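**Student:** Starting from the known structure of chain A, arrange chains B, C, D, E, F, G and H with the ligands on it as the hints suggest.
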Amino acid sequence: MIETIFSRPESLREVSTHYCPGCTHGITHRLIAEVLDELGLRERTVGVAPVGCAVLAYNYFNCDFAEAAHGRAPAMATGIKRCRPNLIVFTYQGDGDLASIGTAEIFHAANRGEKFTVIFVNNAIYGMTGGQMAPTTMPNQKATTCPFGRDVETAGYPVRVCEVLSKITTPSYIARVTAAVPKEIPRAKDALRKAFQYQAENRCFSLVEFVSTCPTNWGMNPLKACEWAVSDMMPYYPLGEFKTPDDPLPAGLNLIEGDE
Amino acid sequence: MIETIFSRPESLREVSTHYCPGCTHGITHRLIAEVLDELGLRERTVGVAPVGCAVLAYNYFNCDFAEAAHGRAPAMATGIKRCRPNLIVFTYQGDGDLASIGTAEIFHAANRGEKFTVIFVNNAIYGMTGGQMAPTTMPNQKATTCPFGRDVETAGYPVRVCEVLSKITTPSYIARVTAAVPKEIPRAKDALRKAFQYQAENRCFSLVEFVSTCPTNWGMNPLKACEWAVSDMMPYYPLGEFKTPDDPLPAGLNLIEGDE
Amino acid sequence: MARVLMKGNEAIGEAAIRAGCRFFFGYPITPQSEVPEYLAKRFPEVDGHFIQAESEVAASNMIYGAACSGTRVLTTSSSPGISLMSEAISYCAGTEVPVVFVNIVRAGPGLGGILPSQGDYWQATRGMGHGDFRILVLAPNCVQEAADLIMLAFDLADKYTNPVMILGDGIIGQMMEPVEFGEMVDPETLPEKPWALTGAKGREPNILTSLFLDPNVLEALNQRLLAKYRQMEAVEKRWETYNISDNMDLAVYAWGTMSRIGKTAIDELKERGIEIGLFRPITLYPYPYEAAGEVASKAKKLISIELSTGQMIDDVRLAAPGREVNFFGRQGGIVPTPEDVRDEFLKLIES
Amino acid sequence: MARVLMKGNEAIGEAAIRAGCRFFFGYPITPQSEVPEYLAKRFPEVDGHFIQAESEVAASNMIYGAACSGTRVLTTSSSPGISLMSEAISYCAGTEVPVVFVNIVRAGPGLGGILPSQGDYWQATRGMGHGDFRILVLAPNCVQEAADLIMLAFDLADKYTNPVMILGDGIIGQMMEPVEFGEMVDPETLPEKPWALTGAKGREPNILTSLFLDPNVLEALNQRLLAKYRQMEAVEKRWETYNISDNMDLAVYAWGTMSRIGKTAIDELKERGIEIGLFRPITLYPYPYEAAGEVASKAKKLISIELSTGQMIDDVRLAAPGREVNFFGRQGGIVPTPEDVRDEFLKLIES
Amino acid sequence: MPMIKVHKETCKGCELCIHACPQEILVMSKVLNKKGYFYAMVEDPGRCIGCAMCALTCPDVAIEVGVQGTRYVLYEY
Amino acid sequence: MPMIKVHKETCKGCELCIHACPQEILVMSKVLNKKGYFYAMVEDPGRCIGCAMCALTCPDVAIEVGVQGTRYVLYEY
Amino acid sequence: MLTEVVMAGFGGQGLMLIGKLLAEASMDEGKEVCWLPSYGPEMRGGTANCTVVVSDNPVASPVINKPRTLVAMNRPSLEKFGPKVRSGGLVLINSSLIDVNTGRDDVTEVLIAANEEAQKIGNDKAANMVILGAYIGIMEVCTLDSVIKWMEHQFEGKQKIIDLNRKALERGFELGKAAEVKV
Amino acid sequence: MLTEVVMAGFGGQGLMLIGKLLAEASMDEGKEVCWLPSYGPEMRGGTANCTVVVSDNPVASPVINKPRTLVAMNRPSLEKFGPKVRSGGLVLINSSLIDVNTGRDDVTEVLIAANEEAQKIGNDKAANMVILGAYIGIMEVCTLDSVIKWMEHQFEGKQKIIDLNRKALERGFELGKAAEVKV
Ligand SMILES: Cc1ncc(C[n+]2csc(CCOP(=O)(O)OP(=O)(O)O)c2C)c(N)n1
Ligand SMILES: Cc1ncc(C[n+]2csc(CCOP(=O)(O)OP(=O)(O)O)c2C)c(N)n1
Ligand code: SF4
Ligand code: SF4
Ligand code: SF4
Ligand code: SF4
Ligand code: SF4
Ligand code: SF4
Ligand SMILES: [Mg+2]
Ligand SMILES: [Mg+2]
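Residue numbers (our numbering), protein chains in the order written: chain A, 1 to 260; chain B, 1001 to 1260; chain C, 2001 to 2351; chain D, 3001 to 3351; chain E, 4001 to 4077; chain F, 5001 to 5077; chain G, 6001 to 6183; chain H, 7001 to 7183.
FYI, nobody ran anything at the bench for these hints, they're computed from the structure.
Every value quoted in this text rests on a predicted model; they were computed, and no experiment measured them.
You may find that some hints are simply not true.
Computed spacing ranges between beta-carbons, pair by pair [unchecked claim]:
(1) Ser231/A x Asp1151/B: 39 to 49 Å
(2) Glu3350/D x Asn7101/H: 32 to 42 Å
(3) Glu2324/C x Gly7011/H: 58 to 68 Å
(4) Val4027/E x Leu6111/G: 31 to 41 Å
(5) Val4027/E x Ser1231/B: 20 to 30 Å
(6) Asn1202/B x Asn7123/H: 46 to 56 Å
(7) Ala2234/C x Asp1151/B: 25 to 35 Å
(8) Glu7156/H x Asn1202/B: 34 to 44 Å
Note that CB positions come from ideal geometry on N, CA and C, so glycine has one too.
Excised from the complex, chain A in its bound form (with noise of 0.2 Å):
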């Protein structure tokens, strides 16, 4: 008998996705697919997919699903979230998406302490819209809009989502991953675990990161895409966890009494 020890999870729906060949979407949707399935939380989760490459996520997941405006994906889970807070939800956001249109509603959302889960796709550019500098993308790559490399003196240099985002007190998980080197999948897979994981529990806001790859706006073959991800990137965006709901909280909170 042959047991079948790897296969398509029931999350993920039984269609081709329209990702360029290569690309690290694919993989990062596998694993939330894989981590609502073992969690049991399919039927009742919602998804909010990004104005971004994965726009059409929903038509690959197979559960419940809205399609948010540019950067308002945090916005429109925490509706959601409030709402229903029984429903397991999570937005998946591109790097122009949540770190550029949208800093505002993810950095409110994480504030507030929203109870949803945040997969965040950084892939130093703007798949979709045909290769635009994002704010991640590094110093002196090259782009579209910064067609002679990302000039960090006129435009800065590139944001750090997790290192920012850990500074807020309200408690919260994040922690930033690849799936562009196969041997970190696994380590992937854990902190998206932990994330739903805490969702579920009520605990807490949860945020993974994605250092991710775009073969085609990058110009590059898949693999060297991924081998570019761990030499350009990586030194710069960290693996690890930046953060966890039992750090403690800053001193001068006066949480006991009321003040007028």
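**Tutor:** Structure of chains B, C, D, E, F, G and H with the ligands alone, referenced to chain A:
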């Protein structure tokens, strides 16, 4: 002969403000004006007023001024400063303006390293609109939209702007001061002087946060309000310099060679 | 229920609760802040939840999300805040979800002032966002009607799965008048929304989107929306007339607050034997063109009176093609007195 | 200068440079991203600066600031992005600063699709934000005209210290056609703007604001704006007519891309002896009502053809009061072929 | 000799200067100014050390400080 | 005995699995599938250790892994 | 019956509140009412006013340019609204703070030393209640009992204030009646 | 003169470019031209096409439903656009990749083995230039020289590519001429 050692700075107009008695907005205004005078910048300065109690700031300063949309002063200042780099540009923003609706704009202005100065007046409340909760409102502090006190379970913990912005890679000057304690006023002015000086040297973005008061909406007399700022706000909003342009860059940046 | 004296803004909040609304996502702005403030106090009594959003952009997308979850939900704002909501309103229309927006209009453009205005008429009735869509616009002229229309708005939003907007002004929001509320609707008893996002348990996943890459599918959406709008135009037009007779010296067109000022002026002139009728659209979209046209046909002259530079004139022209439509209005937050309006009427009639 | 073959989006970028614009603040969105991409490459050659904003909200407020500094400045976007700019556009109008916006319209509502549409007509001509204001709207129908109108737009913006919008569609942006540019304007030679924020050296401070708490002052602003709009209506109306004769079977109203499709259909039917004239407004606001009405008076029937569900119909009705205005349009990004349009004309003429 | 001048009509009566003065020589008036506020006054000008703490603290720039001759700063923080 | 199955028509030919396999037993086809891609194939199934690295890495869930009997994981990272 | 009153004074004098009580009491007695505050940008220290319309029929315009009656609690208010009162109307002047009058002979003026009377009763802050009482005493828009009932409702649980206010209302009412004005 | 051509094929086959070169060359020779790409959401691996209109008079509709000519570089393109070509029109088929034809007898079909010809010259990638050359050879919309000039302009500084493309254009032109078609 009597030598005047303290009088109204030239950069401040000879008019009475609309601020409530004892509101620290007035002190902050004067300190900015003194620094502009002392650095000789008045005639090339453009201020950007927020939407908030300081919405009429342009009536009080003796320099060119623009009135921004709520939260968008950093974007407006970006437009002005980029077009006329020889100007000295500053925004003056409240906590609702800067840390709520304007989160994306302040974050990205800092991240791009826009070379203007932000004066951030944190009075833990929406003053102008009548005392609603701000992102900086303290836990359990009452406001008209949290009549039972800020509940950290649903509204999260107060936002600490300096702590968060100082995590941005792009070099900048970030400091927190107060004008609510007489002894701290010289230090506050010092921070302002540095901030404008760095700008005048075209070095970096600068932000000075003032832990401020709102006697009217806090329902306290001015002195009590100052005491409350010390006792209830400052432990959580500690004074000091959070970032200077000489701080080292994080590891992982590949700035020498261009990448494809 | 007995009549209680309430501010318009508070009555709006209470009426929403009566309509079964338990969630409010919003951002403070004068002159509507009493709505969130009222609800922040009142909601805990009915297990409702007020969430202060970080901005109007966020608030509007929160209520978009809330509506997707099948929940009755409200946000209120005023002019600049409504502009910031326009992208989300377009998304709500495209996704076909029911949401209720309230705009307590203030004088513009830009930051403008905080006094009453009707200067967002065009935006609400035609340009509430990008793309081919319309929202139902209801305009109360007193606190009681504000409360009634809020309750109606929720029903209409659900009926058409379309955004509905209440367009008031600072006076509607700030004024206190007696108000009697309808029966409390228990949110649990509202009809199920099978399209809502509630978790795909025992059914195929529900997907709510406004993205349709296939132009044929998007055109089909546009046609479906158009059919809804035609349906609204057929059955949802609401209006009030006052002192209409067959041979009027003047027909006055006014909505919201201005209609009341117009009435006082009409009453005064009636005492002098001058017959003036008033037409007040209650739905600004769909605009009651036929009824408005009929009133026009009975009057020698027409005038539109507004707290703007004259945004409703075109609709009156469309209702009464070929007729000259006069105008009187004040801007900047100035509300004309009945005397001003009366004098204007007289001048026009005598000219 | 020789003619060069260029995409509409690129031509818009180049024309802005020719007009003396050296600053662009914008955010990517299909189908206009070639504008920022072109300028990001081209600007360094003319000491210009492209700044990628974090969002359309930011971009629009950046250009608001840039305009306050007295600089010629541009941003371009597409439908959802334009909605996000509506608050800032209202501020620009209220502060009376000159700015040029380009909307390369895509099909909506909501996220919709990225194919061509004319569904933002209402928004641009009437509801471009809260409050009582209007913006000048110019609608090119080819790449050359897009370039010409961009240069004109900067002049008109300066002349009226008012926002000007170019309303195109995906075809205008994506199509390549030969284009010849006007003379390069040296930004240094542009007239001084004494109201601009340049530092109060040797003069009283300049203050640029749209806030006027005194309703009388705000009303005065509203009246000043109204006077500007009346002036625009008097002298800035632009239009094109095609094949107009005294006894037309049909008058066609179309703007932008649709006018070209209409022309081909008209030419085809002319060969069959059917006389159809075309009226194309180039300024959508101010709408050339009189000229449009005159054309109507020469035609048996009227039709508006649009890439929307019919947003210009009301303007045609206002131009030709009492006349029936027929409609043909496609939505969702579908552009009808000249054959479709021809058949529609025939059907209407024969009915 | 240092001397301060409180602009009676500029003062909004917030009392912050009263508490800032290390010499405790400022008091509030018993009569209202035109704006309707009690205003600050120097009770004992001779003890003024010209430290300008009052002026530094005044949100309304209602206090001017002048000195004649040498200035001693006698207090310490 | 472990065995993997590459769904020929699902594969987009990105080659990531090729590099992920510690046993280096995957290769690309020489012919195109219906989508127009060269697809991955197992060259030497006998050396497969069922580690599923290939499947873990595949962005298109084109690889299924099964085992029969005991499974040995022989490589180390 | 149709009466409009503008109640105007300093920000802290409690004019909004007495306007509201008047409206509530009248509503309670079956009248149609409308209360409209002056609202505007916080200009601290400015004047505050509200308009109350009480009528047998639905209230048409909530905006009243020429009110039939005026309650002026400070001088700026009298100066601003005094000239607008309709001919034949009533002007109630808080003579504690206002030492002038309208200078008109086509309106009836009644002087009430509201602050002094309130002080006599125990607290100057109740001046607003004194003048409201006087207004009711003269105008008979509604009964004193209804006003007291709604005042009690407003201050529920704060017995001290209720007692003070009741006394002030009653004293004002007396003064109003004593004025023997017919409007 | 008025010609429309739809050029269609796989995403990477360079159809947009040859359409552009055709338009540029024709413009250079004084014609009115219009080039319109199919643009749409990135659906990777799909077909890409552009329409080029060349005319003596200003181009009216840029949207062409029934083109006079078609260049089909792959089978899906032929299947999609073949039926739309006007009666009497021309269909250029890349026979290297397409083993069917339109099945119509009211259009002229010319088969060009573009990929093979390009491979012979040196690189399969120049197939687009082969077919463009052939198109010019048949239709004479503009001269080969103009096309070469604009091709050189396009690849300025990349001499190798220029040489390859020139050869491919010339070879195609030859084949086009040789086809002896009159349209
Ligand atoms: C309001 C608005 N602005 C801009 C766009 C255009 N847009 C679509 S996706 C996108 C960026 C996508 O980049 P990212 O979020 O990094 O996702 P990726 O495609 O890289 O996965 C942009 C700017 C839009 N749809 N709406
Ligand atoms: C788009 C928009 N939203 C809301 C408002 C209303 N508003 C004016 S000021 C303000 C908050 C002011 O608070 P803060 O920034 O803390 O300044 P403060 O008054 O406390 O100094 C708000 C919400 C507005 N004018 N525009
Ligand atoms: S464009 Fe980039 S991010 Fe988008 S699917 Fe292709 S490779 Fe992935
Ligand atoms: S409301 Fe508060 S912040 Fe505003 S002026 Fe008054 S005290 Fe200052
Ligand atoms: S200068 Fe110093 S000592 Fe003199 S009054 Fe002011 S605070 Fe007091
Ligand atoms: S600090 Fe200034 S405003 Fe306050 S009491 Fe003293 S002098 Fe007056
Ligand atoms: S399961 Fe492991 S050994 Fe077998 S093919 Fe896949 S990666 Fe190679
Ligand atoms: S990783 Fe998947 S898609 Fe890529 S080559 Fe291997 S089997 Fe094919
Ligand atoms: Mg990205
Ligand atoms: Mg504040």
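**Student:** Look at each hint and say if it fits the structure.
**Tutor:** Taking the hints in turn, this is what the structure says about them:
Take Ser231/A and Asp1151/B: their Cβ atoms lie about 47 Å apart, and the range 39 to 49 Å holds. A hinted range of 32 to 42 Å holds for the C-beta pair Glu3350/D and Asn7101/H, which are about 39 Å apart. The hinted window of 58 to 68 Å between Glu2324/C and Gly7011/H holds, with their beta carbons roughly 60 Å apart. Take Val4027/E and Leu6111/G: their Cβ atoms lie about 36 Å apart, and the range 31 to 41 Å holds.
Checked against the hint of 20 to 30 Å, the C-beta distance between Val4027/E and Ser1231/B comes to roughly 26 Å, which is consistent with it. A C-beta distance of roughly 51 Å is found between Asn1202/B and Asn7123/H, which places it inside the suggested range of 46 to 56 Å. A C-beta distance of roughly 47 Å is found between Ala2234/C and Asp1151/B, which places it outside the suggested range of 25 to 35 Å. At roughly 38 Å, the beta-carbon separation of Glu7156/H and Asn1202/B lies within the given 34 to 44 Å, and the hint holds.
Checked against the numbered hints above, the structure breaks only hint 7 and satisfies the rest.
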